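For the sequence shown, the positions run 1 to 195 when the UniProt record's numbering is used.
Accuracy of the hints is not assured; some may be wrong.
To be verified - Below are the BS3-like pairs computed for lysine-lysine, each with C-alpha atoms no more than 25 Å apart in a straight line:
id, residue 1, residue 2
1, K47, K116
2, K53, K116
3, K120, K47
4, K53, K120
These are calculated hints, taken from the structure and not from any lab test.
Small disclaimer: the values here were computed from a predicted structure and weren't measured.
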Amino acid sequence: MPKIIDHDERRSHIVDVTWDLITQGGIEAATMREIAAAAGFANGALKLYFPSKEDIIQATYERALGMMREYVELDELRGLTALRELCVSSMPIDEDRIAAGRVLLTFWQLSLTNPKLQDKYLEHIRSWRGLLHRYLTEGREDGDIVTETPDEQLVDEVVLINAGANVMSLVAGEFSTIALQQQHLDSFFARLARP
């Protein structure tokens, strides 16, 4: 009887291996040869599960985004509470989120020269910004957010705080400690309650 191969399990294993290679040695370490060797495949066998390295990187990126989503439960939340939860969930405040940030940084780098990957990232950013706008609107409706600063500017601030924290935690951790990240978020949220 032929062995039944679970393609989803193998794809997940390849992503696991790619994740480890990127977090340990950066994108340079995640060559097709290294991915195949670490996954226990012949080099050409990866194409049975992913057509290209770009597809493997994209699946690894989607895993990083999925991890970020797992940190936040927004189903029952709205307004200011949901906004805070969303902001904190994507900050590099523990080892898993720092590792996810490393994968995201790799993806950002690759998306500069790859329109398909850039489109994927822009899709994520638009969705994230849409949620931020929604929670700001709800916070204003609930009376918790009274600042006169326009919502578009507030959304820009959240995105820049988050992106900056993720980059700095990787390249200059002493300037992006968890305490400093919390201080920036606390300052941002305190301003929302002031006209």
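Results of checking the hints against the structure:
1. K47 / K116: 19 Å, holds
2. K53 / K116: The hint holds at about 13 Å.
3. K120 / K47: 21 Å, holds
4. K53 / K120: Holds, at about 15 Å.
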